[in-house]
Every structure is written in C-alpha cells, then in structure tokens.
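Undergrad: Using numbering that gives the first Met the number 0, you'd call the opening residue of the sequence shown number 0 and step up by one each time.
If you are wondering where the hints come from, they were derived from the structure by calculation, not from laboratory data. Fair warning: there could be bad hints in the mix.
[What the hints assert, rightly or not] Pair ranges (Cβ atoms, derived):
no.: 1; residue 1: Glu67; residue 2: Lys105; range: 17 to 23 Å
no.: 2; residue 1: Lys70; residue 2: Ala160; range: 43 to 49 Å
no.: 3; residue 1: Gly168; residue 2: Asn72; range: 39 to 45 Å
no.: 4; residue 1: Met164; residue 2: Gly57; range: 16 to 22 Å
no.: 5; residue 1: Leu83; residue 2: Ala163; range: 23 to 29 Å
Built from N, CA and C at the ideal position, the CB exists for glycine as well.
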Amino acid sequence: MGLDGIGKERSGMDGKGKEWKGRDWNGRERKGVFFLQKEKPMDGQETYPIDTTDLHKGSVVTMARLIEITKANPGTSRYAFRLLRLKNFIAKALVRRGEPATCVIKQNEIVILTDAEANQYNFAFAGSGARRIRRSTIRHAVIDLSKLTPDERLDWDKKSARLAMMVNGLKVKALPSPEPHKRLE
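Build out the structure end to end from the sequences listed, making use of the hints.
TA: Shown next as structure tokens:
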C-alpha cells in the first residue's frame with residue numbers, strides 16, 4: 000500500500016523535502032509538513048567534502064575539521080546526527096577500499112581504531128541488544144590478527160568465542176507458553 004498523498008517540492012532548513020497531504024502507509028491522516036531525507040546522487044553514494052584515501056587505522060578526524068565539514072556546532076543534535084552519518088560514510092569507504100576498520104566517535108571526533116583497540120571496543124560494544132551483538136561480531140571478525148601480539152591474539156580468541164555464544168543465544172527461540180487449563184465437564 001503506497002502513499003495516497005500528493006508530494007510537492009519545498010525547500011526547508013537544510014534542503015529539499017516533500018510536503019505531503021493525504022494518508023500514510025498505515026492509513027492515518029498526515030498533518031503538516033514532513034521533510035524527508037535529501038536524495039542521493041544517481042550512483043547511490045553520498046558525498047562529503049573529505050578525502051578518505053589518507054585515512055587508515057589509528058587516524059583521527061579532528062573536531063575543527065568536522066565542524067568545517069558538517070557546518071554545525073558541537074553539542075547540537077544536528078552536529079551529532081551529521082557526525083554519525085559521516086562516521087558511517089568513512090567506515091563504508093574503508094570497506095570499499097579493502098581495509099575494514101572500526102570507526103567510533105570519541106569526544107566529538109571520529110577515531111578509526113587500530114586492531115588492538117578494536118579488539119577491546121567491539122566486545123564491550125556488544126553489551127546489550129541483538130543488533131549490537133551482530134554488528135560487533137561482524138566487526139570483530141575482520142580484525143587483522145597478524146597485527147596483534149600473542150597475548151592480544153589469545154584475548155581475541157576468547158572474545159570471539161564469547162561473541163559467538165551471544166549470537167547463538169539470539170537464535171534460540173523462547174520456550175513455548177503452556178496451554179491454558181482445559182475445563183473438565
């Protein structure tokens with residue numbers, strides 16, 4: 000079931016959005032103006048004014064550079080959201096280049112973790128939630144073991160086994176609820 004509304008272009012605070020009148024996919028009446036996400040370029044890749052070719056494991060994108068890129072002030076929700084999108088863009092660019100790495104936001108800066116740091120971070124990140132466990136397991140699996148010391152490699156083995164148990168626990172279905180008692184007649 001699609002949208003029954005009529006969409007017309009309208010410029011908003013950040014860019015283009017669509018003003019919809021009619022019903023949404025749940026059949027509820029839409030009221031007001033809803034600004035949707037900006038459209039992506041034809042190739043499907045978002046573009047940012049940052050060169051990701053010089054970013055490697057251990058690199059840090061400073062707050063001054065991030066303010067310049069995002070054109071927002073730290074401490075605002077706009078800055079936090081743009082920082083999250085930029086972090087995901089950098090992580091995808093590293094994967095496309097063949098260097099998968101864990102990118103995190105620390106103190107309003109984007110940090111690309113080294114393999115030893117990612118070993119610690121990914122396990123701690125998996126603390127709660129099914130999505131977090133799955134994401135951290137995938138990121139944990141692509142850590143380059145050749146760059147770890149023997150002690151860090153043993154730690155990686157233990158943590159990957161624990162993450163595997165967490166993922167396996169997600170697959171287990173809950174116990175079926177008991178049938179209600181039947182009346183004897």
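Undergrad: The structure should be examined with respect to each hint, and the outcome stated for every one.
TA: Verification of the supplied hints:
1. The supplied range of 17 to 23 Å is met by Glu67 and Lys105, whose beta-carbon atoms lie about 19 Å from each other.
2. For the pair Lys70 and Ala160, the supplied restraint of 43 to 49 Å holds, since their beta-carbon distance comes to about 45 Å.
3. Gly168 and Asn72 have their C-beta atoms about 42 Å apart, which keeps the hinted 39 to 45 Å range intact.
4. Take Met164 and Gly57: their Cβ atoms lie about 30 Å apart, and the range 16 to 22 Å is violated.
5. A hinted range of 23 to 29 Å holds for the C-beta pair Leu83 and Ala163, which are about 28 Å apart.
Of the numbered hints given earlier, the model fails hint 4 alone.
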